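Engineer: The lines below spell out each chain.
Number of protein chains: 2
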Amino acid sequence: MLRTHTCGELNISHLGKTVTLCGWVQKSRDLGGTTFIDVRDRYGLTQLIFNTDSDATLREKSRGLGREFVIKVTGTVIERTSKNAKLSTGEIEIEVTDIEVLNPSKIPPFMIEDETDGGEELRAKYRYLDLRRNPIRNNLMLRHKMAQEVRKYLDGLNFIEVETPVLIKSTPEGARDFVVPSRMNPGEFYALPQSPQTFKQLLMVSGFDRYFQIVKCFRDEDLRADRQPEFTQIDCELSYIEQEDILNIFEGLTRHLFKTIKGIDLHNFPRMQYADAMRLYGSDKPDIRFGMQFVELNDIVKGKGFGIFDNAELVVGINAKGCAEYTRKQIDELTEWLKRPQIGVTGMIYCRYNTDGTLKSSVDKFYNEDDLTNWAAAFEAEPGDIMFVLAGQADKVRKQLNELRLEMGTRLGLRDKNTFAPLWVLDFPLLEWDEESGRYHAMHHPFTSPKPEDIALLDTAPGDVRANAYDLVLNGSEIGGGSIRIHDRTLQALMFKHLGFSPEEAQKQFGFLMDAFEYGAPPHGGLALGFDRLCSIFAGLDSIRDVIAFPKNNSGRDVMIDTPSTIAETQMNELKIKTVL
Amino acid sequence: MLRTHTCGELNISHLGKTVTLCGWVQKSRDLGGTTFIDVRDRYGLTQLIFNTDSDATLREKSRGLGREFVIKVTGTVIERTSKNAKLSTGEIEIEVTDIEVLNPSKIPPFMIEDETDGGEELRAKYRYLDLRRNPIRNNLMLRHKMAQEVRKYLDGLNFIEVETPVLIKSTPEGARDFVVPSRMNPGEFYALPQSPQTFKQLLMVSGFDRYFQIVKCFRDEDLRADRQPEFTQIDCELSYIEQEDILNIFEGLTRHLFKTIKGIDLHNFPRMQYADAMRLYGSDKPDIRFGMQFVELNDIVKGKGFGIFDNAELVVGINAKGCAEYTRKQIDELTEWLKRPQIGVTGMIYCRYNTDGTLKSSVDKFYNEDDLTNWAAAFEAEPGDIMFVLAGQADKVRKQLNELRLEMGTRLGLRDKNTFAPLWVLDFPLLEWDEESGRYHAMHHPFTSPKPEDIALLDTAPGDVRANAYDLVLNGSEIGGGSIRIHDRTLQALMFKHLGFSPEEAQKQFGFLMDAFEYGAPPHGGLALGFDRLCSIFAGLDSIRDVIAFPKNNSGRDVMIDTPSTIAETQMNELKIKTVL
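As they're listed, the protein sequences go chains Z and G.
Using the working numbering, the first residue of the first sequence is number 1080, and each one after it goes up by one.
Using the working numbering, the first residue of the second sequence is number 1080, and each one after it goes up by one.
In isolation and in its complexed conformation, chain Z is listed as follows:
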């Protein structure tokens, strides 16, 4: 090794030892006859001291050192006069006798500090320098530790990690596939997996019993903020189980991670029906770190002559506790925020419950004090609260009110990053209507089983069929989802029929799976956790980008290596493809 120790391990017990360290120059101070240099590596920071008065060569060398130079120094561990309690090495310093520059550095384009002056684009271009910063490196070390703990936990429960292929087959269901032209089979393509779904089901048919994989998945979607074309799943599947078993096992995994990584005991994993989640939070992934549940007002507000409410499918609101003091300006600003196209509210009604006990709404023309007292009762409001009410088409208004609720939760400081509120959302619908294609789509995927008691509804009311499907939600983010799968050929074929597949098309695309079901497929189900998102929540980050070493930007581009890029004509010719712009 070029070094005897790392920059994070020396302390008072090493006094007098001759050591050699390697690392980056973090900073340098020249105080006349003495130069101090902080040298940094992954493990920490150590102070070097150069008595440059007595050694001209050393003086020369130490003065030429710029930030981020890579150096190798040899010296003696001595006690520091002014100790730094914040640093594990803060009690000692190294009196340097020899120094070698292993590699110089140009001046970095931004500061390699916990708080940097570099903008997002610059840091993306020099990602290898951004990764030198402690916060980013710590994220990736956290991620490593989490992956190790996931594997340890699942291995302990007899799960086997099996690698499934990356070059698979393009299927018409789900998101858009990335495809890979095959040179050996001209005119044909592989696809990159959106998930190993069919393979893990086949592993169940094979008797693997308990499978997992921490695995890269791919989706060629227009990248909304915080989506990546390649992402990582903790993918699991089990045989001979019921939904309850899966919930218990993955509660266990989540608890294990919180305990081992963050030292937190998670106690409660409440469960909520999908229908209730939509009704009470307008979301299938409610953030239950705070209450502020929706209150439906149809029964008490209709028929008073206020057209907007009278004509609305749903009138629904939330109670913002302690916000009665909101000024007109604040409310207007909130309303403007709601009117942005991505939310699309046309107008918001409010009702203040003043601290003096009076009630004052923005629709006093239609609702008298008695009416408003009924509102307050419905909201369980107290003096000092304000009620915000939206009206419109039920699904739409719930989505809008969800945005308002989350925004108010944030403004009121109810969404603390150090509070963790997991939640199971159960009994998702099997199908959802897709306007664009004019047909039902699988809400989860086509392999999810309907609840047996709802199968009869497939013909009469497909939208009402509930699935054996569940999501794990944490602090308002979906961190995982899964289902009990279909393991019967006939039911699977029925499902494809309802998704608009002809029998021939279903056989062509998914014949291998349906065939497999005919050779003794066991009952099975599973779950996939979004590992990037889970890591970002553990790291207290809003974005998944900084738990990924080399993320892509919103155009799917890695600006550091400059990809995607054009390829050589010869490559295209070998692949028998042509670009048609």
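Since the hints were made in silico from the structure, they are not lab data.
These numbers were taken from a predicted model, which means no experiment stands behind them.
Please note: incorrect hints may appear among the correct ones.
Chain copies aren't distinguished; within one or between two, either way the pair holds.
Restricting the straight-line Cα-Cα distance to at most 25 Å, the calculated cross-link-like pairs of lysine-lysine (PhoX-like) are [said to hold, decoys possible]:
hint : residue 1 : residue 2
1    : Lys1530   : Lys1151
2    : Lys1295   : Lys1231
3    : Lys1295   : Lys1224
4    : Lys1204   : Lys1381
5    : Lys1587   : Lys1185
6    : Lys1341   : Lys1231
7    : Lys1364   : Lys1400
8    : Lys1231   : Lys1338
9    : Lys1576   : Lys1530
10   : Lys1341   : Lys1224
On the provided structure of chain Z, position chain G as indicated by the hints.
Structural biologist: Just chain G now, kept in the frame of chain Z:
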């Protein structure tokens, strides 16, 4: 859970317990009033006994059960009268009181037994059934365990597993890339990584210090036997180290795997110069489970009038110990084997050292008893041995003799699968001449550093420059390779120049890496182990195919899911590509 126990865990201590098992019907025997059924799962096999005389329903149900039906049975654990010591559950059986068919099975296309009657193609098509067979499942369980141990070992040495991207940039060096058209950036492509080489080097520039990843890599090559388009590497990189450190660490990892997985202590990791490996074994991956080193005969055979030897660049042979009794027919057959186009020997000379002490060669016309005695001395041959000698152009004849040596090793039983002989091959050449392109190629890759003392040769004798590159060889297979990398921009640029890149081209393709070297890149190096190959050697297999859950065939095709396949016209249009057949 649908079951109380697995099919592998019940024993005499469970007598009298009521249990429920799930699994597949392995076999069924109907003995009048009693039916015996073996039920199987991943964990083992349990015998079920049905007293069908007393229960007509049970009789009905048990008789309808075919092979590979999935069943759920409840019953009582009782002691077996005829115990089976080979089975962990062999002391007990289950007296069944209730049985449910969870899923029937068609008759499988081949026997689900350790030894199956299914041909390779049939088993590939029904891979999910082939995976049910114990030997295949055991391979994948072994693989899982090995991956866990690799991670445990490297984590213990402060290595961090970092996921590098799968959608990267196509580069002209190395093998052919798989490419992925970008929909968001029409006309541009990602490439799938042949290895995470540049990313792991960037992680070193970032100060990650010790990186590893068990990672899928991709090569679009014509598939020779036992190559897969996607394969898995244990990829590692370290900073502030020298070659010696890397050899020690990965010796340690290999020892750890052998110890924990196979209970074997590996003692010796000999080291050999590349030049010696080629001279003594004609291979850069010698199988040193046996000797039979090459003996060069130029000095003693030339000038005796035998044209083939006189005109040859190299006359070289091996001593096949104890094979003097080989018949003329056996030798002819061996010669024919050597004449196959893939080896291309034109003729083989032999010299028998008979047990009576006489020497008899196929070139007695040119060499007398004294000459042959000299041969025998060179070969250190004893009575009972036979010497095989080839002649020709040095590189070519060494490759041919390597084939003969391996074949003789196999015939003589010297290549036992339970003997493990690791070997480091060191000091590979930096460059190798490529006839086709008429230029030098990097033997390892363009990031491998030359030995400092050889840099001056780059201009005068590029082929003689040795690299700081090493391979780990196990039983004649290369299981890993690595090098100390270049970490200096100028040297990297020089390397690209010698590989025929213009400065502009080098900057366009690898500018990000060369730029990174200017910001304090530490000295670093690494190694990648071929995980598929390593697993196959541990499993005692000749092929990597059966340590991969869903391998592709020699045309790069997965015949089970039928991929690659054509994609929809709309997909092509969105990607702005066209097939040109």
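Engineer: Tell me the hint numbers this structure goes against, listed in increasing order.
Structural biologist: Number 4 - this is the single hint that the structure violates.
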